[in-house]
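J.: Same order as they appear, the protein sequences are chains A and B.
So that you can map any letter, position 93 of the first sequence is 92 in numbering that gives the first Met the number 0, and since no number is skipped, the others follow by simple counting.
So that you can map any letter, position 129 of the second sequence is 128 in numbering that gives the first Met the number 0, and since no number is skipped, the others follow by simple counting.
Some clues are possibly wrong.
What the hints assert, rightly or not - Listed below are the simulated EDC-like cross-link pairs for lysine to aspartate or glutamate, each with C-alpha atoms no more than 20 angstroms apart in a straight line: (1) Lys43/A with Glu15/B; (2) Lys161/A with Asp86/B; (3) Lys43/A with Glu153/B; (4) Lys179/A with Asp86/B; (5) Lys161/A with Glu39/B; (6) Lys99/A with Asp183/A; (7) Lys43/A with Asp86/B.
Claimed, not checked - Label-pair ranges, simulated between beta-carbon atoms: (8) Ser98/A with Ile55/B: 36 to 42 angstroms; (9) Arg66/A with Ile211/B: 24 to 30 angstroms; (10) Ile55/B with Ala20/A: 50 to 56 angstroms; (11) Asn5/B with Ile114/A: 48 to 54 angstroms.
Since the hints were derived computationally from the structure, they do not count as laboratory data.
Every residue, glycine too, gets a C-beta built ideally from N, C-alpha and C.
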Amino acid sequence: MNSYRFLQKQFLAILILLVGAGWIWFSRIPSQGQNAASIAVPQKGFLAPGLTLSTLEGTDLSLLDLRGSPVILNFWASWCPPCRAEMPAFQQVYQEYESKGLAIAAVNATSQDSIHDAAAFVSNTNLTFPILLDETGSAGILYNIHSLPTTVFINKQGIIQKIIIGGPIPTALLRIQVDKLMQDEP
Amino acid sequence: MFPILNLGPLSIPAPEFILLLGFWLGSLLSERSAVHYQIESNQIGKLIWTCLAAGIIGGRLSYIASNPGAFWGNLISILSINPNLLDPTGGILISIVVGYFYHIKLGLPLLRLLDAITPFLVVLAGALSLSSFASGSGFGTATTLPWGTYLWGEIRHPVQLYILLGDITTLIIILTIKKLDNYWSGKTFLIFITLASGFRIFLMGFQEDTPIIAGTLRLNQIIAWMILAISLALFIRKGVSNKVEVRNEP
Chain A
0 MNSYRFLQKQ FLAILILLVG AGWIWFSRIP SQGQNAASIA VPQKGFLAPG
50 LTLSTLEGTD LSLLDLRGSP VILNFWASWC PPCRAEMPAF QQVYQEYESK
100 GLAIAAVNAT SQDSIHDAAA FVSNTNLTFP ILLDETGSAG ILYNIHSLPT
150 TVFINKQGII QKIIIGGPIP TALLRIQVDK LMQDEP
Chain B
0 MFPILNLGPL SIPAPEFILL LGFWLGSLLS ERSAVHYQIE SNQIGKLIWT
50 CLAAGIIGGR LSYIASNPGA FWGNLISILS INPNLLDPTG GILISIVVGY
100 FYHIKLGLPL LRLLDAITPF LVVLAGALSL SSFASGSGFG TATTLPWGTY
150 LWGEIRHPVQ LYILLGDITT LIIILTIKKL DNYWSGKTFL IFITLASGFR
200 IFLMGFQEDT PIIAGTLRLN QIIAWMILAI SLALFIRKGV SNKVEVRNEP
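Isolated chain B, as found in the complex (with noise of 0.2 angstroms):
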């Protein structure tokens, strides 16, 4: 766990850094594989920065939507960069429907947008992991195994870097896979979608810090699974159809 960075005269969050640092370096991969599917690498950066800035909008309006009270008074505490005055959940779906239309406007074809934005999904996903550790959230069930990290009391399973490992895995396949030649619009998004659900599934059952259901199942396993069925279903549907594009290479 590293909560701050100290760099210097300078003391800088480290989780937020971490998020700020993937959603640069994603946005960058995006850009460069943009072109893999014939959409324009600014064209991506303009949509990825626009979906931020309408999440941190969207995030701290549907914050203060749901708890109007606290603000009267101090309408001021509107405007503060204090990041606990934001609503993730709000955020992001505010950013999905702006970027949404957004896409519209710019003309992209939308399962190739996703193919394109994969790169930077999979960093983004990486980079929560990894903010996780620094923060000491989502942490692990206890462990005897030798890499397990002392924390909140007990040697634990450092999930949340395993996690990391299973985007890095899926990373390389994903950039590997623009290479190969029985390509199809979205097939690199549900190939990253299938992967990513399926190594949660399988790590987050190490995982103590989330949400429980009845008791005793984690419910971020079940929503996992859930999204790798529909996956797989969306898998097989594309088989029988069995349409094959033809992409283009640079």
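Chain A with its partners taken away, still in its complex shape (with noise of 0.2 angstroms):
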């Protein structure tokens, strides 16, 4: 009787095995595989959303523009303390990075911001990468800004690659992130 049972025990497990297994191979994903990277949305894999804002210099900047160069696309405001703590490491990374074909765009939440403030911070901080103005908000709902800052990390296809919500970055990670976008690490 006990034989019987382990024999029924292992015929069940077996069975179990084998419906697992056919699941795993009937639910696989067809072979033109995922759609991602055709669709605009602000997520990991996804196309990087196209924007295009005026800079503070007065003239407009397109992010597909930047296509072919790796792209951080950070959001923030004047009023936002770990925003301004973190500048210092961008402008920083940039200087760094700049030859490299490395393009950082700044978008200012400007629809809860004020010019006068942005562009006296930006002085004052001696950034030298572009900085776009978000007037009406259409970035932030493009980009599903919740929270400032938000740091979007775009390679040289338009492919969001990672997503940081909140800060202020250190400047080792923005390095790390940087440099997987220069060798196009996933």
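Make the complex out of the two chains shown on their own, each in a separate frame, by following the hints.
T.: Listed below in structure tokens is the structure:
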């Protein structure tokens, strides 16, 4: 009787495993693969949504113009203490990597900030990368910004590699993420 | 998806908050059920929180060891509270190692200890699923089902919630199991492993945000299948040895 029950249990276990293996095969992702790279949404693995905004200098800058370069998009406001605290790190990294093709665009949440305060902060901190003005809040909505600062790391193909919500981002972390962008690491 | 919880003037990152809550709730449950496995509840608490501390420190050390050059000239970054400077895999491994040696120091029987911390593990697994749902990661494949949620450009299976339901079911079974008579050391933990892996083999079939191997197969499903195979083999082996321990009721 004991050996019969043992055989029963073995049979049941094998059946469960076969059903499991069958399901793994049946539910496999189609060979044409995932289409994340063709959908523009603010999430890792997807295409970064395009945006075109005015800069502090009065010109327009489009994210599409930066395609082919690794890009860091940083959403900030002058009244936001961690945003202010991390800007020197962004400037330091920009100076180190600009010649290697890195682009940084700091999107100021102008709809909840003042251009005057933003410009004063940029001037006092000696930031040299483009400052984009999100005057209508549309960029914040497009990128699902719930908290400031939020930093988006985008590779040369325009695919989002990482999103960091909150800050200040330490310089070491910025360097590590930039190095990965430069190498096109996932 | 709800990455930020706004509570008055506070903006709390929801995924991390959910994990902490799961940690706390899970350890509470395990402390309460520890007595059924003849283990003192405060020993469970000490072990869990020691493993948490070890995991955080270990995760930071592992991250630094993987990227030493980035920290030269920025040593202050080592002390940053930013959670993105943690290596989860390294942290978990170090946590397990520390937990193993700490259990020896406390003089606890390993299999009964695993049974006692099983409620903690189940709750933590559920918290991980809910945390993923909050952050929008681990999202599901496209669906036309009425309970599909719009996320990342499509109506998708809320697969993180499916897995959470699976973990809740597992927790109910686990909390019921300790009332049964045919208990043996390690049974509760093995039941958890079997159920958790079984649920995941099925439910991860609806997950799109997942590592892939051979171009089409989900790696996590395959790992869950291997774990299920091992746990079923252990159940059968236990059945052969036919040992039943009498567990003392409090």
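J.: Hints first: check each against the structure and report whether it holds.
T.: Verification of the supplied hints:
no. : hint                                      : result
1   : Lys43/A with Glu15/B                      : holds (18 angstroms)
2   : Lys161/A with Asp86/B                     : holds (15 angstroms)
3   : Lys43/A with Glu153/B                     : holds (15 angstroms)
4   : Lys179/A with Asp86/B                     : holds (15 angstroms)
5   : Lys161/A with Glu39/B                     : violated (43 angstroms)
6   : Lys99/A with Asp183/A                     : holds (13 angstroms)
7   : Lys43/A with Asp86/B                      : holds (18 angstroms)
8   : Ser98/A with Ile55/B: 36 to 42 angstroms  : holds (37 angstroms)
9   : Arg66/A with Ile211/B: 24 to 30 angstroms : holds (26 angstroms)
10  : Ile55/B with Ala20/A: 50 to 56 angstroms  : violated (37 angstroms)
11  : Asn5/B with Ile114/A: 48 to 54 angstroms  : violated (26 angstroms)
Against the hints set out earlier in the document, violations occur for numbers 5, 10, 11.
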